[in-house]
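Peer 1: Order-wise, the sequence lines are chains A and B.
Mapping of the first sequence onto full-length UniProt numbering: residues 1 to 440, in sequence order.
Mapping of the second sequence onto full-length UniProt numbering: residues 1 to 440, in sequence order.
Be a bit skeptical, because a hint or two may be false.
Among the chain A residues that face chain B by a calculated CB cut under 8 Å, a handful are [claimed, not checked]: (1) 323; (2) 370; (3) 373.
Hints listed in this document are in silico derivations from the structure and should not be mistaken for laboratory results.
Here the structure is a predicted model, which is why all the values come from computation and not from measurement.
Where is the CB? At the ideal position from N, CA and C, for every residue including glycine.
2 protein chains.
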Amino acid sequence: MTTLLTNALILPCTSDMPVIERGHIHIENDTIKAVATGPAPQIPGANIIDANGDLIMPGMVNPHCHMAMSLFRGLGEDVDDRLYRYILPLERKFVRPEAVRAGTALAALELIESGVTTVADMYYFETEVARVVDKAGIRGVLGQTLADFDPPDHNSFDEGFVLVEQLVAEFSGHDRVIPSIAPHAPYSTGMAVMERVARWADDHPDVPVQMHLAETDAEMDWAAKLGGLRPVEAVEKAGLLRKGLICAHCLYVNDSDMEKMAHAQVCVAHNARSNGKAGRGIAPVEAMRKAGIPVGIATDGPMSGNTLDLFSQFAPVSMFQKLLGHSRKPMPSVEVIRMATIEGAKVLGLDEKIGSLEPGKKADLIRIDLSPARMQPIYDIYSTLVFATMPTDVRDVMVAGQWLMRDREVLSLERKIVLRDALQVASAFKAEMARIDAAG
Amino acid sequence: MTTLLTNALILPCTSDMPVIERGHIHIENDTIKAVATGPAPQIPGANIIDANGDLIMPGMVNPHCHMAMSLFRGLGEDVDDRLYRYILPLERKFVRPEAVRAGTALAALELIESGVTTVADMYYFETEVARVVDKAGIRGVLGQTLADFDPPDHNSFDEGFVLVEQLVAEFSGHDRVIPSIAPHAPYSTGMAVMERVARWADDHPDVPVQMHLAETDAEMDWAAKLGGLRPVEAVEKAGLLRKGLICAHCLYVNDSDMEKMAHAQVCVAHNARSNGKAGRGIAPVEAMRKAGIPVGIATDGPMSGNTLDLFSQFAPVSMFQKLLGHSRKPMPSVEVIRMATIEGAKVLGLDEKIGSLEPGKKADLIRIDLSPARMQPIYDIYSTLVFATMPTDVRDVMVAGQWLMRDREVLSLERKIVLRDALQVASAFKAEMARIDAAG
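So here's chain A without its partners, still in its complex pose:
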């Protein structure tokens, strides 16, 4: 099957971040054959799509999410103890395979509608997440969470490892769905379990490890009690600071931490809106990248940043670094888009396969309408994407050569059913919250 996308403004997101003002993309089955300026070649039988001057760029990579938590979006806002008051009780009572499927499908719908084609996820019943992601047609690095706070799907770490093994058994070798192991955070797994995960990872070198790291004040205190360590040092001591580790947040990392992280070749998922909305702080993204650590742009769960699109993150990602540097210069727009595409792919270990539009890579791409008044005129297309484009401007989405959305209609999920199922769970949440509030 040959597809030719013609007459497009193309951002290939290769290393020098070029702009092809008017070009074409040649796709054979799931793979890009050519990306070039000028009109497309004549290929008999090709499916030709005229982009009519619209922008085509790589599908975006969201390297840290809790998809099923779309069910909790906007719940308990502005409440400092919402985690213990609402979320953990609701999770324990309602998070079962059916609810996880409903929440994950709602998130997948939103990801596709906003041009995210690859997502990294950490949650419970992750095999269910993987099945929904598979059906939705996107790519995922999907981590079964291990935690000590009585999570809804395992009563012990032994049980948690069984769930990890099930996930790996079912999806090992899958083209789009990559199983992963996700020790929740240093403080919620502990040194012994981090060491156990490290040993398990020795035997599974192709399975990415995901964890929250250096995110909260309480975590700093936890590490300090281990003989004056910092969170990064605790992870290093457990043997887990290693290539393939995807670290979410990293707000509290100093120069020494960054040196260790760069040396160990770990990667970072930066969650600007989540960190800002929690009032936690600003991650030193410019410094981490300068130290040689790849950083991707992530959303965190939908109850932390509320949306799962990367467009909503772009202005905060840029502004936060400019505020830290007290200057317009830090984090230029072109770097933000690099992080959202090829650098995000590198964070997930997928940069040989996706993240840029070039021959040999998988055909994961999105088409964006640039005509709204709010985006015109355009002097710098990267600035337009970072500061003026909305997720609703994404018209078409392709993953591995398959269209998942055309003209804003998602083809791989049934929108009505997805919304119905999610709202059913939300009703149960509302009733339980009323009960909790009545109990005082």
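With the hints as your guide, set chain B onto chain A.
Peer 2: Using the frame of chain A, we list chain B on its own:
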């Protein structure tokens, strides 16, 4: 003419910020007659519009903008000296009545498309701005700028005051277009001219005064040289710190400044994205409001925050205060929406007329589609508006009982012509920038 909007989720934005889950709004000509829960009364000959469960809220108020600068949107991004390198030379060469009309129309199109129904503007050839705003059908508090840096429309302050008088003469008494005087900033007008504006304002008590205040490091230095003053103190000394003064930015205000501002009954236009994108800092919005100063949410010009919708400002407005307070609690979503509506109206001295949906007020309202996956489920409608709604979710816009947009089609401006005219000016800018860059 009677209009009945039925079957709506209504946020009236009156003082206790209620939520009417299912209600109706009764409009006679340009005025709201009733806002109530339940089905609408039977009124013969009424134009009945079923909102089908969509949200209806007051049209939003953007209290600081430079509309015509839409022509500069995204130009010279990430360049610290862009003002002197590009913007001032381009303004001097190209900013003429025709360009101001083109840029203002592009901005008006975007404002309507994103649900902003009232805007405060400061620019040059402001009478031209006023004519375009009048035609577009929105409301404006439109300030002729006075400045000492060789602006494109006046060579002396005497000439500047002539332009102010022309604006006032043409629009005095207009229902929607309110003429205003806009001394650019303390450092760019100087003490003598601020004193002259204060005397002029004594004779024109109904004309709002707008200025940039306490925005930049250089401004702090300027004020310090006047015998150790702070910017707010300089304005006070000039007699300009008075009821009716709309102060944009106010990044550098301490407790003493805030006390003076509250006592003088000045109001503030907060420009979160503009301040963040310039790396300048975070305005102490919570502290100003606690001191009793009304604060509205503004965009600044389209080259400072890039978009003119308030939705793009909401998350930064909230996150910035949460970051300052290192907690989730500051600036809850309901307060953000209050600032975008009734408090913004108060900033412009228009809170008797607009800013909330209640009997006797002008019928300025917007309808928002809540169905996208990214907004569901909804536990707190104010959180949904602040963190998950996009300007593209605004379907209909009414000002003074007239529809300016229906189902996303703007009725008061010709989209094609507006875009054509703006892009023509942008081409001239691009050619001149190439010349500047070639000259080194």
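Peer 1: Would you check whether residue 370 of chain A satisfies its interface hint, that is, whether its CB is within less than 8 Å of any CB in chain B?
Peer 2: Result: violated, 11 Å to nearest chain B Cβ.
Peer 1: Classify the hint on residue 373 of chain A as holds or violated, based on whether any CB of chain B lies nearer than 8 Å to its CB.
Peer 2: holds (4 Å)
Peer 1: Any CB of chain B closer than 8 Å to the CB of residue 323 of chain A?
Peer 2: holds (6 Å)
Hint 2 from the list above is the single one not met by this structure.
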